[in-house]
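Visitor: For reference, the chains in residue letters:
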Amino acid sequence: MTTREEQLCVLEEVAAIAAKWRDRPDMLIPVLHEVQTIAGNCIPKEVAMTVAREMRIPLAQIYSAATFYSFFSLEKRGKVLIRLCRTAPCHVKGTKETLSAFEQALGIKAGETTPDGLFTLEICECIGACDVSPAALVDDTVYGHLTPDKVRELVASLQETEGSR
Amino acid sequence: MMEQVRVVLDHAGDISPISSEEYLRIGGYQGLKKALEATETIIDTIKASGLRGRGGAGFPTGLKLSFTANTQADQKYIVCNADEGEPGTHKDRIIMVEIPHRLFEGMAIAAVAVGASQGYIYLRAEYPYVATILEQALADARRQGLIGSNIMGSGVDFDIQLFIGAGSYVCGEETALLDSMEGKRGEPRFKPPFPGVQGLWGRPTIINNVETLSNLPAIMVKGPKWFRSMGTERCPGTKLFTLCGNIAHPGVYEFPVGTTIRTLFEEVGGGCPRGKKLMAVQTGGASGNIIPASLLDTPMDIDACAEAGATFGAGDLMFMDEDSCLLDVLENLTEFFEEESCGKCTPCREGNTQLLRLIREFRNGTAQEGDLNLLLELSNVMRGGCLCGLGQSSPNPILSVLRFYPDLFVENSYRKGDLAYA
Ligand SMILES: Cc1cc2nc3c(=O)[nH]c(=O)nc-3n(C[C@H](O)[C@H](O)[C@H](O)COP(=O)(O)O)c2cc1C
Ligand code: SF4
Ligand code: FES
Numbered sequence: 658m659t660t661r662e663e664q665l666c667v668l669e670e671v672a673a674i675a676a677k678w679r680d681r682p683d684m685l686i687p688v689l690h691e692v693q694t695i696a697g698n699c700i701p702k703e704v705a706m707t708v709a710r711e712m713r714i715p716l717a718q719i720y721s722a723a724t725f726y727s728f729f730s731l732e733k734r735g736k737v738l739i740r741l742c743r744t745a746p747c748h749v750k751g752t753k754e755t756l757s758a759f760e761q762a763l764g765i766k767a768g769e770t771t772p773d774g775l776f777t778l779e780i781c782e783c784i785g786a787c788d789v790s791p792a793a794l795v796d797d798t799v800y801g802h803l804t805p806d807k808v809r810e811l812v813a814s815l816q817e818t819e820g821s822r
Numbered sequence: 008m009m010e011q012v013r014v015v016l017d018h019a020g021d022i023s024p025i026s027s028e029e030y031l032r033i034g035g036y037q038g039l040k041k042a043l044e045a046t047e048t049i050i051d052t053i054k055a056s057g058l059r060g061r062g063g064a065g066f067p068t069g070l071k072l073s074f075t076a077n078t079q080a081d082q083k084y085i086v087c088n089a090d091e092g093e094p095g096t097h098k099d100r101i102i103m104v105e106i107p108h109r110l111f112e113g114m115a116i117a118a119v120a121v122g123a124s125q126g127y128i129y130l131r132a133e134y135p136y137v138a139t140i141l142e143q144a145l146a147d148a149r150r151q152g153l154i155g156s157n158i159m160g161s162g163v164d165f166d167i168q169l170f171i172g173a174g175s176y177v178c179g180e181e182t183a184l185l186d187s188m189e190g191k192r193g194e195p196r197f198k199p200p201f202p203g204v205q206g207l208w209g210r211p212t213i214i215n216n217v218e219t220l221s222n223l224p225a226i227m228v229k230g231p232k233w234f235r236s237m238g239t240e241r242c243p244g245t246k247l248f249t250l251c252g253n254i255a256h257p258g259v260y261e262f263p264v265g266t267t268i269r270t271l272f273e274e275v276g277g278g279c280p281r282g283k284k285l286m287a288v289q290t291g292g293a294s295g296n297i298i299p300a301s302l303l304d305t306p307m308d309i310d311a312c313a314e315a316g317a318t319f320g321a322g323d324l325m326f327m328d329e330d331s332c333l334l335d336v337l338e339n340l341t342e343f344f345e346e347e348s349c350g351k352c353t354p355c356r357e358g359n360t361q362l363l364r365l366i367r368e369f370r371n372g373t374a375q376e377g378d379l380n381l382l383l384e385l386s387n388v389m390r391g392g393c394l395c396g397l398g399q400s401s402p403n404p405i406l407s408v409l410r411f412y413p414d415l416f417v418e419n420s421y422r423k424g425d426l427a428y429a
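Going down the list, the protein sequences come from chains A and S. If you're matching positions, the first sequence starts at 658 in the working numbering and goes up one per residue. If you're matching positions, the second sequence starts at 8 in the working numbering and goes up one per residue.
Isolated chain S, as found in the complex:
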């Protein structure tokens, strides 16, 4: 198998995840040390690296930090988004289970940069075994003076607490996550105000993904130029790619941004099991576009994906072999969104219910004339009219299938339907 390019996962699995001492021995907490020595340069360094958020939206991390740094407040917070609810994704779990100190170090660097003294990790409830490791590693870091009061003898205080969610996909959306931490239902808030200015309990709050934060230590130590030597011009660095579905070697692999889907599928993932042929790939998670095997040469890069009609998202790829039925997959995905919609806004709450009804009509071959147009119109309304990314992007898989397999819906209802399209 191809050699991985390990930055975030450097030494992951080689050392104890709990022990700060072992992490220190491989050069850990050196990025934080540097950050503490030159606090005012941290944000410029991160900006210069070109790092973009790894949680799905790709927002420039340095810029996000600068908003919070420039806001005056008696208290600021940093929250690590470890909700990892995107179906197919389990990259953050690997980081937290194998090398959690890198995450703590990254959180501390970001905290020092913006002046936050309290950090939280919002961990999904589906990861109880990850919580155990994090608690032990946090206790160890606290014992060694790496987090807590007067970190590394610098006079700066920064502590991290774990917050366990309770089973809700939408709580991965940053403002829903904040409501959840405040003890409420996880319903997305209207933006602005953005969390960077008015977040947890109304205080400026940095929210970043586990992988994003885990990139900060190496950037501080090795510098932006080194970071930019990997990945693409507009999205430098490496990415943890998650391969799942009908693939011989499912799992999480770290490669430079811009690695093609073909390389990930053939050389890393080993192709479909049992010599089956690949039919389609869902890119970027449950709300990402489904593309045909003919687009395998698309690089996994934010811009290249957008251009080809794929989705970068959090770097997930779900492979579907020739035995899969796309309508069956669409039904499954739409069931997911219908179940996980928080219900706050009508286009999403009612829209996903209707999308599901329509998909089922097509699947059963009972679609009526006009249903296809209805599907399209509803999808467009949802993309424009929903409050948060869940509703805005839930029609994506359907629209991408309509684009790349234009006959599928018509064929299906025609073949089995009662004169619907006859």
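If we strip away everything but chain A, and leave its shape as in the complex, we get:
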């Protein structure tokens, strides 16, 4: 659980980042990427309001962009983002089995976050890794040629790394 103090600390950081780009609406997307990372992989209302105030952009414009792009989320997400590709080239090579394996290993459905707040499982469109379909992007790393066995191994090793942090 984050305390109110921690939240205020995050908002201060957000304000500092956004203030660098006052009156530069073209910098909104890079700013949203940056603040989302420090705010727990999401853009909660207070963060959006802080960005709006510091960049001097209408709040509606922040939401307009934040809700359009799939990499931004208003909802709280886990520390680690698992994006499993569902698009045709991966689909014909077995995304369905891979998805069930992820859901079972993590104990959540697609779109959900594990109760410990560590993992969010998302379904996404082609990540440009079709040479190793079926594929998933885990934060910044591609995992390919996924099979249910490989998914179980991957989740176990991610849990181990995250658990020991």
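Think of the hints as simulated: they come from the structure by calculation, not from any bench. Warning: the hint list may mix true and false statements.
[As the list claims (entries may be wrong)] Below, a list of computed lysine-lysine pairs in the BS3-like style, where the Cα atoms sit at most 27 Å apart: (1) S/K351 <-> A/K702; (2) A/K766 <-> A/K733; (3) S/K283 <-> A/K807.
[To be verified] Quick list of the computed label-pair ranges, beta carbon to beta carbon: (4) A/E810 <-> S/N157: 48 to 56 Å; (5) S/G396 <-> A/R661: 47 to 55 Å; (6) S/G391 <-> A/T660: 52 to 60 Å; (7) A/K702 <-> S/I33: 38 to 46 Å; (8) S/V204 <-> A/G764: 49 to 57 Å.
Backbone N, C-alpha and C fix where the C-beta goes; we use that ideal spot for every residue, glycine too.
Start from chain A and add chain S with the ligands according to the hints.
Guide: What follows is chain S with the ligands alone, placed relative to chain A:
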């Protein structure tokens, strides 16, 4: 496996992607040097080469550059489209990961030709590991004076910045991409004005695909005649073909334009895995036509594809073996378009939702009489009435299946349906 014909991927993977020195050692930045020495001839050389855009639309590159060159402005831009959102495609990723300096060199050549001093690479967010390489390579090129101010001691300034997208397929459409760079939702603009005249922040802007730009250095060094010795009359040069789906050796391979799908499938890709038979191929990406195995001898060339009922697009081929279900694939593809439609225009926003509903009816065997006509009519409305290529081409896979497998929809609803076609 057949020997590739490497132009864009020449020496790719043999040298460090970061080091300009290694790229210089294999003859890199010589095309830019030549361009800087004879600025006014660049566009004629590119026009003479016959190079056409590799991002999917096949527009003549030299002609596009000339529009921007002829427009007066205090500032012009060049934007490299590295959004690479087309499902199945990952050719631009290979270029950027293995030989990014060739892309920078190509961007600089185009920039010098039109008089742009600032370049951007719009990179999709799904490629964070590519961003790392690009940043390092850009820093190295800047250190060596290859980009930045006074490039190669010529007195010309040209710098390149990276812009990271945020996950949206439609942002690959050139005007949506510009809106995205301006900090907005990526919604396509009405054209005209075209970006070449009025683009980023209203300034003339060249937008080209990664592969297109990466062809420019060799064209400058070896000349149009050499370039025209490869490929076809109306589309010279090589193409990076992406093979994916049910294929033994998926990946990106460079061959002359006009190489047949059969050669790519059998000799390069090694056929379907586990000795399965090929049923169909989707050509040209998610919005491309699906063709039966009987059309494998079609050359991958813009005109030849159009004539045969296939799609050249960005050169992707997705193979489907005998176990695939075309209705299942169509459903998956239509889900993609429904998800990625930006919603700006009604025929696409509502149309894809209805296409998906209809495909599901057929798939479930619950289609009603008249649904087939509805599907056709809606498809035609979308092709003619949508604002951008996403909506205009999203019915293509469906229409091609109707053309090449005319019984599939009827059979399906008849076999399982409740008297729909009985
Ligand atoms: C929905 C949609 C998505 C597109 N995605 C891309 C893309 O990811 N990469 C690309 O280079 N072109 C893409 N294009 C084509 C661009 O609009 C534009 O034609 C291209 O970047 C021009 O470059 P070229 O002439 O070098 O091909 C897309 C077009 C549409 C309609
Ligand atoms: S066709 Fe679709 S994606 Fe293109 S502008 Fe219209 S709604 Fe947006
Ligand atoms: S379709 Fe899954 S990575 Fe391209």
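Visitor: Does each hint fit the structure? Answer for all of them.
Guide: Quick rundown of the hints versus the structure:
For the hint linking S/K351 to A/K702, the alpha-carbon distance of about 25 Å falls within 27 Å, and the restraint holds. Between A/K766 and A/K733, the direct Cα distance comes to roughly 16 Å. Compliance with the 27 Å bound is thereby established for this hinted pair. For the hint linking S/K283 to A/K807, the alpha-carbon distance of about 24 Å falls within 27 Å, and the restraint holds. Remark: the range hint 48 to 56 Å for A/E810 to S/N157 is upheld by a beta-carbon distance near 53 Å.
Restraint check, S/G396 to A/R661: a C-beta distance of roughly 49 Å satisfies the suggested window 47 to 55 Å. About 58 Å separates the C-beta atoms of S/G391 and A/T660, a value consistent with the hinted range of 52 to 60 Å. Separated by about 53 Å at the C-beta atoms, A/K702 and S/I33 break the suggested range of 38 to 46 Å. Take S/V204 and A/G764: their Cβ atoms lie about 55 Å apart, and the range 49 to 57 Å holds.
In summary, the one numbered hint that this structure violates is 7.
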